[in-house]
Amino acid sequence: MELGVHDLVSKDPNKSTEEVYKETADFVQAIEQLNYKRYWFAEHHNAPNYASVSPELHVAHMAALTSRIRLGTGGTMIMHYSPLKIAENMKTLSGMAPGRIDIGIGRAPGSGPNEVMALAQGKPEGFDDLYDKIDVILDYLQDYKAPGIYGKTQAMPAVAHLHEPWLLGSSGQSAIQAAERGLGYSFAKFFGVETDLRVFTQYRQHFGPSRFFQNPKVMVGYQIVIADSQEEADYLAKPIELGHLAQAQGKLLDTTNPEDLKDVQMDAAGTNFIQEMYDNHYMIKGTPETVETVLAQEIETLGIDELIVYAPLYDTQARIASYRHLAKMFNKI
161 MELGVHDLVS
171 KDPNKSTEEV
181 YKETADFVQA
191 IEQLNYKRYW
201 FAEHHNAPNY
211 ASVSPELHVA
221 HMAALTSRIR
231 LGTGGTMIMH
241 YSPLKIAENM
251 KTLSGMAPGR
261 IDIGIGRAPG
271 SGPNEVMALA
281 QGKPEGFDDL
291 YDKIDVILDY
301 LQDYKAPGIY
311 GKTQAMPAVA
321 HLHEPWLLGS
331 SGQSAIQAAE
341 RGLGYSFAKF
351 FGVETDLRVF
361 TQYRQHFGPS
371 RFFQNPKVMV
381 GYQIVIADSQ
391 EEADYLAKPI
401 ELGHLAQAQG
411 KLLDTTNPED
421 LKDVQMDAAG
431 TNFIQEMYDN
441 HYMIKGTPET
451 VETVLAQEIE
461 TLGIDELIVY
471 APLYDTQARI
481 ASYRHLAKMF
491 NKI
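In the working numbering, the protein residues as written are 161 to 493.
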């Protein structure tokens, strides 16, 4: 079982962006020492609680600070950018970190309508179907001739290593599209999307080998908090839980410091909302033994090849400790 990190670069309102980026750099280097396979940065616009706006820049920064771990965009929100520019960015990164670059292909906006318009500069999307846009991006990455006007140029620079493209999604249709293109399929369960087991079955049934992947690869993302005791896990996870409640109400937390939030009480509706996330395994918390039991069930049920974990703990050392528990669980250290 391979392990990865999915990072939205969560930002506490009382921390500066500079502090958060420094903590992130320290964390990525610690994760590499724990022998995780990959680290992905998300793309979110005009979200005060997230500082990952341009994942490609984070990847370039971290490539200079690491030597082994794969780095990627999770994802690149392709509706906002031209296929040529996306491919050029990824090829440039591949030249900087050969054999270590992933592209997570996202079809969602990662923003609201105002941000979509600002990014598009008022222009309509050039593709009626974003899957056609994905095909052009893949052509550019492989140095194939793209269709139509896109075939009149090539994406530069020339690089020796292919990327690992993964399609991000949560529906059976996206799984089939990933399979038919020979891409990896990454399912972000931590977004609280109900899992239909047919998604993964359809992906495997329709998969065709490509230059990128010879065999189907299923990655599933969870929010996981692991600590030495259940009490500590509850304490550390409290800001994440309250953050989900606030987001559902269109609000932001004033702090993500667990010490400031430990005495906050949820009402019955909030308690039920969070419990449902744990019952459905969107979130998992507890001791290593507790978490291992849940993950073993998930891995067997869904046929998971890789786990990718998002755990935005306030304290960097507590965050590293949680990921260290997971690494030990799967014999990475």
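Treat the hints as calculated values from the structure; they're not laboratory data. Computed from a predicted structure; not experimentally measured. Do not take every clue at face value.
Unchecked claim - In silico lysine-lysine, DSS-like type, Cα no more than 30 angstroms apart, as pairs:
(1) Lys488 to Lys283
(2) Lys411 to Lys422
(3) Lys488 to Lys245
(4) Lys492 to Lys197
(5) Lys492 to Lys305
Against the structure, the hints:
no., hint, in the structure
1, Lys488 to Lys283, "violated (49 angstroms)"
2, Lys411 to Lys422, "holds (19 angstroms)"
3, Lys488 to Lys245, "violated (40 angstroms)"
4, Lys492 to Lys197, "holds (10 angstroms)"
5, Lys492 to Lys305, "violated (41 angstroms)"
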